[in-house]
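Engineer: Let the hints inform the model, and build the full structure from the sequences given.
First to last, the protein sequences are chains A and B.
Under our numbering, residues 1 to 481 are what the first sequence spells out, in order.
Under our numbering, residues 1 to 481 are what the second sequence spells out, in order.
Everything hinted at is true.
Using 20 Å as the maximum straight-line C-alpha spacing, the simulated EDC-like pairs for lysine to aspartate or glutamate come out as follows:
1) Lys-251(A) with Asp-329(B)
2) Lys-52(B) with Asp-58(A)
3) Lys-149(B) with Glu-102(A)
4) Lys-377(B) with Glu-352(B)
5) Lys-383(B) with Glu-317(B)
6) Lys-62(B) with Glu-317(A)
7) Lys-321(B) with Glu-63(A)
8) Lys-37(B) with Glu-77(A)
9) Lys-254(A) with Glu-174(A)
10) Lys-125(B) with Glu-29(A)
11) Lys-152(B) with Asp-15(B)
12) Lys-82(A) with Glu-106(A)
13) Lys-52(A) with Glu-63(B)
Just so you know, the hints here were simulated from the structure itself, not pulled from any lab data.
Here's the letter readout for the chains.
Number of protein chains: 2
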Amino acid sequence: MAEDQTAGITVKKDDDFGEWYNQLVLKAELADFTAIKGFMAIRPNGYSIWEKIQAYLDARFKETGHRNSYFPALIPEKFLTKEAQHIEGFAPEAFWVTQEGENDLEERLALRPTSETIMYDSYSKWIKSWRDLPLLLNVWCSVFRYETKTTKLFLRTREFLWQEGHTVHATREEADVEVRQQLDTYKDLCETLLAIPVIQGLKTDRERFAGALTTTSIEAIMPDGKALQMGTSHNLGQNFSKAFGIKFIDKDEKEKFAWQTSWGVSTRLIGALIMVHGDDKGLVLPPKLAETKAVVVPILFEDSKKKVLAASRKIAEKLSKDIAVHFDDRENYSAGWKFNEWELVGIPLRIELGPKDIEKKQAVVVRRDTGTKSFVKLSELNKFASAELEKMQKDMLSSARKFLKDNTHEVKSYNEFKKLMGSSRGFIIAQWCGSEDCEIKIQEETTATLRCIPLNKGKGSGKCVRCSKKSQHRAYFAKSY
Amino acid sequence: MAEDQTAGITVKKDDDFGEWYNQLVLKAELADFTAIKGFMAIRPNGYSIWEKIQAYLDARFKETGHRNSYFPALIPEKFLTKEAQHIEGFAPEAFWVTQEGENDLEERLALRPTSETIMYDSYSKWIKSWRDLPLLLNVWCSVFRYETKTTKLFLRTREFLWQEGHTVHATREEADVEVRQQLDTYKDLCETLLAIPVIQGLKTDRERFAGALTTTSIEAIMPDGKALQMGTSHNLGQNFSKAFGIKFIDKDEKEKFAWQTSWGVSTRLIGALIMVHGDDKGLVLPPKLAETKAVVVPILFEDSKKKVLAASRKIAEKLSKDIAVHFDDRENYSAGWKFNEWELVGIPLRIELGPKDIEKKQAVVVRRDTGTKSFVKLSELNKFASAELEKMQKDMLSSARKFLKDNTHEVKSYNEFKKLMGSSRGFIIAQWCGSEDCEIKIQEETTATLRCIPLNKGKGSGKCVRCSKKSQHRAYFAKSY
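Structural biologist: Written out as structure tokens, the structure is:
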């Protein structure tokens with residue numbers, strides 16, 4: 001890591017959230033802009049977070065019978081147009097391949113914005129009988145969307161990494177169970193691994209995935225008070241099976257159209273992680289997401305250097321039996337410089353050892369999230385570090401939960417709604433009549449979009465917050481990314 | 001799996017190797033053609049082999065300090081043209097994106113055929129000092145090459161999956177060490193996991209990677225006698241660092257151009273695996289590559305069904321403590337039908353249990369590669385199965401080694417060379433003067449290409465097999481894929 005790159009973040013998170021975010025991503029070497037407008041390079045510090053997310057999800061997917069596969073990155077234009085809503089949603093933001101080698105193509109090929117159409121053409125060949133169901137496939141790949149808004153690394157780029165699950169079932173009920181199972185997996189991922197609490201809910205027709213029957217999502221609140229959609233799980237109904245001819249002979253020997261689901265999360269989650277947990281010093285990694293859990297930094301003085309380096313190496317070696325640890329034995333950097341560097345990239349624990357610590361048979365353990373210093377007997381260091389990592393993981397989730405709670409307000413009147421959206425931040429819970437007209441007007445009048453109808457306690461009671469007609473739903477509103 | 005898909009392969013491997021291969025890939029559900037010419041879908045049975053290869057390599061790469069990253073799938077045309085040989089090699093087979101959304105692009109973007117250029121533009125920003133070296137990155141992604149020859153699933157498709165490592169070093173010597181380290185990793189992968197022996201060697205200038213200083217490769221022999229390039233590792237010298245301005249201030253405070261390597265293996269390895277180990281019944285998976293190591297098939301008769309199912313379930317559960325096992329308890333398929341199905345997809349061990357076996361407290365264990373049947377006491381089944389899997393892995397490599405040996409001939413005369421290429425198959429080892437003219441003429445006159453100069457015993461002695469001038473190299477020749 002070059003010295004100039006690790007100069008700290010020069011703005012405060014509370015002063016200029018956007019600039020703070022950009023600096024953090026670049027200086028912690030999580031990602032970088034590239035020569036192609038809107039496309040990012042994901043650097044190892046960022047990619048290793050994605051690998052932890054992949055490992056967690058992949059294990060969960062496989063436990064529940066899903067298998068991985070791969071499908072072409074290119075989609076014929078005629079496939080995209082087969083499902084009417086789907087093409088409307090994705091055509092305006094497609095990248096088009098029109099030439100191969102020296103030849104012009106007869107039909108344009110879109111870089112996949114999502115793989116429904118190319119996968120389901122194959123599904124229609126593979127599925128013949130109820131014996132072939134359920135078909136439970138997942139794909140890890142990148143997708144392409146021609147975004148016209150300013151690039152924000154991890155949050156809005158023209159190519160990003162994701163997983164997309166695509167399942168086929170005999171009945172709507174089975175598809176509904178699948179949709180919910182994945183939404184629960186995503187919630188667990190966010191809460192247990194990323195330490196970010198989320199709301200699970202149903203999207204309105206206006207925000208539904210292009211081609212789906214119903215879309216469910218998980219939504220989180222960011223420190224600037226805006227909501228971020230963290231993942232989606234769709235019941236596609238029979239829309240695509242009818243468009244692509246995915247039919248099966250059921251046990252009753254009748255031919256039926258299949259029911260389908262699709263669901264995905266992307267590298268956008270890394271953006272959420274940075275925003276929620278980062279601070280003025282840099283990234284803060286929840287311990288379970290960190291590739292390196294702790295760094296050992298020897299405090300070196302000329303006269304005791306040899307002894308301290310040897311003792312530090314020893315504790316690093318001992319720690320490595322229980323946790324992934326890095327021993328920073330570079331002699332051409334000061335301890336202070338190292339502290340800054342490891343804080344910038346978010347390593348959960350820093351363990352310092354100086355000549356005085358050796359005399360006292362102790363080490364200093366510093367937590368990245370709170371900055372808490374503990375003086376720990378060397379004989380208890382492994383046990384303490386493991387326990388502290390577990391505690392830190394829990395505390396980070398608690399603290400994010402508190403923020404969510406403090407920034408969620410249930411309102412009774414539209415005045416209160418408008419006042420809160422003007423001055424405050426976060427989620428507003430309000431009663432809604434269910435009409436798209438009110439949904440649009442609320443956005444125009446308050447800038448808040450209807451994020452979702454929560455799966456838990458989403459039933460309406462009383463009157464719509466805006467039009468006073470009978471409420472259908474208790475809904476979450478917020479400004480959004 | 002639908003019944004009609006598991007009808008066996010209808011041709012013999014020895015009778016029509018090409019048709020046998022196609023049927024195996026399709027019927028074992030490893031991959032399928034798609035609606036886009038030249039593009040394949042990799043189905044779970046095929047993808048799970050790729051996951052095993054990934055896991056093996058990823059661990060090795062990380063042990064040796066490499067980290068994963070991701071770079072754009074699109075490359076500006078001006079980047080591809082920066083290194084003169086590189087553009088010559090890749091431009092004719094590029095897919096070009098020319099439109100985004102409703103707009104025509106000012107500059108065409110190529111779908112990456114390989115990522116040197118897009119990565120090295122970023123490298124030139126990131127590398128400033130000797131402290132930033134070595135930079136050891138790997139990428140798992142797909143690449144695109146407009147192939148005009150007939151599609152062969154896994155072997156020749158217009159998109160395939162691979163890993164590409166790209167490292168930067170201060171000196172040529174360090175780059176040479178890296179190149180060799182990866183070539184050794186690839187050899188180990190092929191031999192210990194895929195059970196395919198390979199020759200490590202240096203490519204001639206004619207076969208060198210477009211833009212490289214030297215290209216090394218691993219080469220294997222297929223059952224039809226053709227050689228298949230299984231992986232490559234390049235020393236790029238300073239060709240790209242000069243084209244992209246990758247410079248660093250060295251310890252001596254002088255600015256220097258960096259030395260680079262790149263190396264990769266692809267899903268083509270799955271094609272090699274199928275060809276080398278498959279037989280008339282289908283795929284044969286080396287145990288280490290198999291997701292499921294054994295399948296338990298109960299032999300069901302009406303009067304003993306309940307007892308046999310219960311006993312079979314019990315041994316499957318016990319086996320699952322030591323190995324990944326599948327219990328095939330379907331009652332609507334005959335045992336014979338199940339045997340065929342599991343043989344087709346290549347599960348290493350089949351464990352049969354019938355009413356008479358229960359009486360004798362035994363099970364029948366059948367090895368997929370040899371068909372050997374063993375009658376094993378139930379109390380010893382776990383131990384036996386684990387040992388048999390290990391033995392099978394070794395035997396498959398030994399058998400492939402024997403085939404390689406039997407099909408490698410060192411010749412003294414050009415007559416002998418031509419005669420062997422006409423009648424026989426496999427590698428021919430011969431002395432070569434080192435001139436490209438002789439290399440081309442040998443191909444024209446015998447159809448054999450110079451595969452590589454082996455790293456081991458590659459020094460020439462005596463006279464060139466064709467022109468009788470002084471030999472520079474002892475080289476491997478073969479027909480190739």
